[in-house]
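Chains as they are written, first to last, in this note's numbering: chain A, 1 to 599; chain B, 1001 to 1599.
Some hints could be false.
In silico DSS-like cross-links for lysine-lysine, where the CA-CA straight-line distance does not exceed 25 Å [claimed, not checked]:
id: 1; chain 1: B; residue 1: K1331; chain 2: A; residue 2: K331
id: 2; chain 1: A; residue 1: K176; chain 2: B; residue 2: K1058
id: 3; chain 1: B; residue 1: K1058; chain 2: A; residue 2: K58
Here are the computed distance ranges between Cβ atoms for each label pair [claimed, not checked]:
id: 4; chain 1: B; residue 1: E1481; chain 2: A; residue 2: Q511; range: 26 to 34 Å
id: 5; chain 1: A; residue 1: R457; chain 2: B; residue 2: E1596; range: 43 to 51 Å
id: 6; chain 1: B; residue 1: H1254; chain 2: A; residue 2: A380; range: 22 to 30 Å
id: 7; chain 1: A; residue 1: R21; chain 2: B; residue 2: H1254; range: 24 to 32 Å
id: 8; chain 1: B; residue 1: D1592; chain 2: A; residue 2: R156; range: 53 to 61 Å
id: 9; chain 1: B; residue 1: P1551; chain 2: A; residue 2: H62; range: 57 to 65 Å
id: 10; chain 1: A; residue 1: M508; chain 2: B; residue 2: G1486; range: 49 to 57 Å
id: 11; chain 1: A; residue 1: Q511; chain 2: B; residue 2: K1058; range: 46 to 54 Å
id: 12; chain 1: B; residue 1: H1254; chain 2: A; residue 2: M508; range: 31 to 39 Å
id: 13; chain 1: B; residue 1: E1050; chain 2: A; residue 2: R588; range: 54 to 62 Å
id: 14; chain 1: B; residue 1: D1034; chain 2: A; residue 2: H62; range: 56 to 64 Å
It should be emphasised that the hints constitute simulated quantities derived from the structure, not laboratory data.
All residues carry an ideal CB built from backbone N, CA and C; glycine is no exception.
Number of protein chains: 2
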Amino acid sequence: MTGLITDRELQFLLYELLNTRELIQRPRYQALADDVLDATLDAARRLASEVFAPHYAKGDQHQPEFVDGTARVIPETARAWSAFAEAGFLNAHWDEDEGGTQLPETVFRAAMALFFGSNVATMGYPFLTIGAANLLRAFGTPELKSRYLEAMGDGRCAGTMCLTEPGQGSALGDIKAYAVPQDDGSYRVVGQKMFISGGDQNFTRNIVHMVLARIQGAPAGAGGISLFLVPKWLVDDTGSPCERNDVALAGLLHKMGWRNTTSTVLSFGEQGGARGYLIGAPGQGLAHMFHMMNEARIGVGLIAASLAYRGYAESLAYARDRHQGRLPSSKTPGSPQVRLVEHADVRRLLLAQKAYAEGALGLCLYASSLFEDQHTHQDAQRRQHAAMLLDVLTPVVKSWPARYGCVANDMAIQVLGGSGYTNEYTVEQLYRDQRLNPIHEGAEAIHGLDLLARKIRLHDGAGLALFCSVVRDTVEAARQEAALAGAAALLESVLTKLEGVSAALLRMQGQDIDLALANATVYLDVFGKVAVGWIWLQQALVATRALAADPARDAAYYQGKLAAQRYFFDWDLRAAFPILERLAAFDRTAFDMNEEWFQ
Amino acid sequence: MTGLITDRELQFLLYELLNTRELIQRPRYQALADDVLDATLDAARRLASEVFAPHYAKGDQHQPEFVDGTARVIPETARAWSAFAEAGFLNAHWDEDEGGTQLPETVFRAAMALFFGSNVATMGYPFLTIGAANLLRAFGTPELKSRYLEAMGDGRCAGTMCLTEPGQGSALGDIKAYAVPQDDGSYRVVGQKMFISGGDQNFTRNIVHMVLARIQGAPAGAGGISLFLVPKWLVDDTGSPCERNDVALAGLLHKMGWRNTTSTVLSFGEQGGARGYLIGAPGQGLAHMFHMMNEARIGVGLIAASLAYRGYAESLAYARDRHQGRLPSSKTPGSPQVRLVEHADVRRLLLAQKAYAEGALGLCLYASSLFEDQHTHQDAQRRQHAAMLLDVLTPVVKSWPARYGCVANDMAIQVLGGSGYTNEYTVEQLYRDQRLNPIHEGAEAIHGLDLLARKIRLHDGAGLALFCSVVRDTVEAARQEAALAGAAALLESVLTKLEGVSAALLRMQGQDIDLALANATVYLDVFGKVAVGWIWLQQALVATRALAADPARDAAYYQGKLAAQRYFFDWDLRAAFPILERLAAFDRTAFDMNEEWFQ
Chain A
1 MTGLITDREL QFLLYELLNT RELIQRPRYQ ALADDVLDAT LDAARRLASE
51 VFAPHYAKGD QHQPEFVDGT ARVIPETARA WSAFAEAGFL NAHWDEDEGG
101 TQLPETVFRA AMALFFGSNV ATMGYPFLTI GAANLLRAFG TPELKSRYLE
151 AMGDGRCAGT MCLTEPGQGS ALGDIKAYAV PQDDGSYRVV GQKMFISGGD
201 QNFTRNIVHM VLARIQGAPA GAGGISLFLV PKWLVDDTGS PCERNDVALA
251 GLLHKMGWRN TTSTVLSFGE QGGARGYLIG APGQGLAHMF HMMNEARIGV
301 GLIAASLAYR GYAESLAYAR DRHQGRLPSS KTPGSPQVRL VEHADVRRLL
351 LAQKAYAEGA LGLCLYASSL FEDQHTHQDA QRRQHAAMLL DVLTPVVKSW
401 PARYGCVAND MAIQVLGGSG YTNEYTVEQL YRDQRLNPIH EGAEAIHGLD
451 LLARKIRLHD GAGLALFCSV VRDTVEAARQ EAALAGAAAL LESVLTKLEG
501 VSAALLRMQG QDIDLALANA TVYLDVFGKV AVGWIWLQQA LVATRALAAD
551 PARDAAYYQG KLAAQRYFFD WDLRAAFPIL ERLAAFDRTA FDMNEEWFQ
Chain B
1001 MTGLITDREL QFLLYELLNT RELIQRPRYQ ALADDVLDAT LDAARRLASE
1051 VFAPHYAKGD QHQPEFVDGT ARVIPETARA WSAFAEAGFL NAHWDEDEGG
1101 TQLPETVFRA AMALFFGSNV ATMGYPFLTI GAANLLRAFG TPELKSRYLE
1151 AMGDGRCAGT MCLTEPGQGS ALGDIKAYAV PQDDGSYRVV GQKMFISGGD
1201 QNFTRNIVHM VLARIQGAPA GAGGISLFLV PKWLVDDTGS PCERNDVALA
1251 GLLHKMGWRN TTSTVLSFGE QGGARGYLIG APGQGLAHMF HMMNEARIGV
1301 GLIAASLAYR GYAESLAYAR DRHQGRLPSS KTPGSPQVRL VEHADVRRLL
1351 LAQKAYAEGA LGLCLYASSL FEDQHTHQDA QRRQHAAMLL DVLTPVVKSW
1401 PARYGCVAND MAIQVLGGSG YTNEYTVEQL YRDQRLNPIH EGAEAIHGLD
1451 LLARKIRLHD GAGLALFCSV VRDTVEAARQ EAALAGAAAL LESVLTKLEG
1501 VSAALLRMQG QDIDLALANA TVYLDVFGKV AVGWIWLQQA LVATRALAAD
1551 PARDAAYYQG KLAAQRYFFD WDLRAAFPIL ERLAAFDRTA FDMNEEWFQ
């Protein structure tokens, strides 16, 4: 099918940019077959193309329906879910003793990218289930795991994350759902949750909800929140659903995109309290949730990158095929029309998409490799460094691909023109689906605050310093290649300004925290430019060295990488300068905007 | 209703920024009542709120259906159409002897902005009809006018523009529809047209299609194209429909937005040829169409501005109402939550929207005033200057509001977060509706080429020189106000660089036309920054002087104007510098991108 990330591109990112093949030398992966990486990607590509992609448009055009208290989705969803589960993708990354195959994280994520690109809306269910299962794996009691985990791994049971409530939005500390302790150690959970993706559907027998709520009497704020497992159906000792829990589907939300993922309002405890089980420690609910959120946030970045890539590939295929107009230098009426790709502006729209999509993919797979290193690298310092870098980069990994994915998908529509605005072509659905990514798993502003107020301050700024140092390593290496010396100098220059701005904003946090954080979203954006510029410089280094080693091998592919790097540096990275100037000046325009002045 | 441009804002733009009241002193307007301006706007606001706005969402959710060869739309559309016609808005701007009231263009456009903001999809029908009628008025024979014009003015007959064909897209010179002369002076028109908005519906008895086609034997290219009036129903001598013409609805296109405007494929002449009547001179079809296109392009800019404004107003109302989270300086759990508008980043999103929406509105109404001056100013040189300025600015007026309207509507969604992604709130529909504006009436790239290859070269560059000179007049005036001196210097600096880049690109057109035009879309964007910066500096001048004259009168309103100007200058206008550098360097990155390198 058109639009999935090509084999060549995944090979480049996994094996030339990242050293993914080396992973399977690590002790944890000794039992894996030599060809597990390629075999996994092949299986994912086949399933994504054959089972997920064909109903991408249908799921969009037939929204879930609320029938007899249940959400009903198109039947293709059930078939895709089963195929995904049967192929072992729900639990491939689990430990062997949990029933998994210990597949390395980076490869697992690359496989997910193929699925996301094929049908992000149907993938909502596995995505949420994998996240919920990871919470249970990390913090659940053995007994809870024995009851629910196996079914979440083989597809009998789906999972959700229940954070948001109707009255609170991004301010998780203010949630009102509460839990009343019972004599048997369980809880009765009461409250309403909103925007719960996959909160109900009609293709799994059971659904496990991971619910944030306050144990009665807990203190206000984030420290009073605990995490509960609340199943749709209670199960018996064999793990079989036996009794309906007090969880009701209160309504379906109708979204601009991701339509085949149900978005629900759930009522817990309308009949006296839904039975729930504490996960982890009381009052640690948000902490547990955040512990797992790095994964989910890399996941959102990867979704955004996959949609951007699909739009790039779809619009490229159209531009190669469609004849229209002539070049400015050859306007003779009646002369043959050229293909769209021959127009300079269309190439600009395609090259920008390539720069955004492949830059975002590179960033997200790099983040996955940090996640991998954090947990499985043999060297303790490397584990620690990976964890610190990932901490700093997570807000960027979540946000940059989402924002520039929207830009990329906008450009894909523009390449197709009027056709791109109709549902005859996939690009308009991609545009709508993409728009969720700057919102879910924390709206963009939340990540700006996370980066500026928390992440770059952690460990006395050691994470930020480490980031700057690894970027400079790449800059140094690039300086050795004549063709990349200019790009290296540009990145170094932007990085140095970013360092200065970061230090100034950190100092300002001690004086006026509100002013210091006023432009945090802009800071996040420009930090992203540097991070993705760095990823692109690494890609360009690989390409330059490959061309030097053998100018005939894959030359067109590598030249494309070099062109995308140049485009990103000249048009996007250079744009960082005026932004950094405004940040350095503690721009107060929006900060000082009096509410009454909005008219 | 929430979201329509406020009375205060229209007063500011029409009477404080532009001297619209002076218009009615002109001879053409002597018969108008003194209160015609306000009365027109009041009537438009009432109708827009009460008749158009209520079915904006319904029209989106119930797409037109293809039933028995006809497009069927929701019945509210017919009622809105009739009310619009009965209130005299279809022909208010026509000459008295055509049955109009000679309403000044600027006021007519301001009234349209209210309608566009209320329900752009239902407004598609009047918008197209007004454009088609203007073509008939300008170039039709007296006989054709006597048959069709009255019905297009009182609402019995709608109109369309039939340019695009399935195989040709933006390259109008390549259209294939043809017309065969008949003995009676009429033609038989044969061909297929695509993306025809309002091409069929079930609420007017007749539809007049303005069709581009080649008279058989005409030369290839743009010079061989003529314009024809092809009615859905032929009419008798009294103007009554009497015989179905050979025009068939071949299909409906399903669009991302504007869903209540039918988008059709029309087949002309499947039964031997649709009867058509030549409008204007043979071979002058495109020229005639372009002659009228300034109006339509101002119209698209105004639509984009109206949708941006509506998104601004809707998200502002939400942000004022909704309590969520706390400021960084007061994170005490359990303390009262603040409203969204109190968060700095939300204010940034609102202020940027205000800057884009009110900047775009100001630009479009200024362009309407140029159109007005071009036709009705007493002074011949002023008429000529207005025409030249409008020529240069038209691509910008069409494109800048469309591009930044998309950015603004994106921000409106972000203010609402998850709610903004659902159809419970209007902002998601605005986002989808807005996305058409960079495509129709010429995709953005077409306007970049128009500006750089044609408009700034016209009259030996006199139009561009005139633009630079009027911008400098404002810069000079702003220098006299201490608070605006910095902004004046910034605009002067960007303008000077733009002049240099323009001269360099014009010289390059003589050497390598393809390279010179390669980044034309980027040039258009940066030209737009200067034009809108100029409009904002004018608005800031008005506000500064008003505050100096009476610091107590409307101070909050004027402070809002000043803040929006500062925001635009600091964040958007400054961003022009790195772009201008790339243009000055004749950046070749996309231009040199080999097709094979896209992988």
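So, going through the hints one by one against the coordinates:
1. K1331(B) with K331(A): This hinted pair is violated, its Cα atoms lying about 64 Å apart.
2. K176(A) with K1058(B): Violated: K176(A) and K1058(B) sit about 34 Å apart, past 25 Å.
3. K1058(B) with K58(A): holds (22 Å)
4. E1481(B) with Q511(A): 26 to 34 Å: Holds: the Cβ-Cβ distance is about 32 Å, inside 26 to 34 Å.
5. R457(A) with E1596(B): 43 to 51 Å: Hint holds: Cβ distance 47 Å, inside 43 to 51 Å.
6. H1254(B) with A380(A): 22 to 30 Å: Taking Cβ atoms as reference, H1254(B) and A380(A) lie about 58 Å apart, which means the hint is violated.
7. R21(A) with H1254(B): 24 to 32 Å: Cβ of R21(A) to Cβ of H1254(B): about 46 Å, so the range 24 to 32 Å is violated.
8. D1592(B) with R156(A): 53 to 61 Å: holds (55 Å)
9. P1551(B) with H62(A): 57 to 65 Å: holds (60 Å)
10. M508(A) with G1486(B): 49 to 57 Å: For M508(A) and G1486(B) the Cβ distance comes to about 23 Å; the hint is violated.
11. Q511(A) with K1058(B): 46 to 54 Å: holds (53 Å)
12. H1254(B) with M508(A): 31 to 39 Å: violated (51 Å)
13. E1050(B) with R588(A): 54 to 62 Å: This hint is violated: roughly 42 Å between Cβ atoms.
14. D1034(B) with H62(A): 56 to 64 Å: holds (57 Å)
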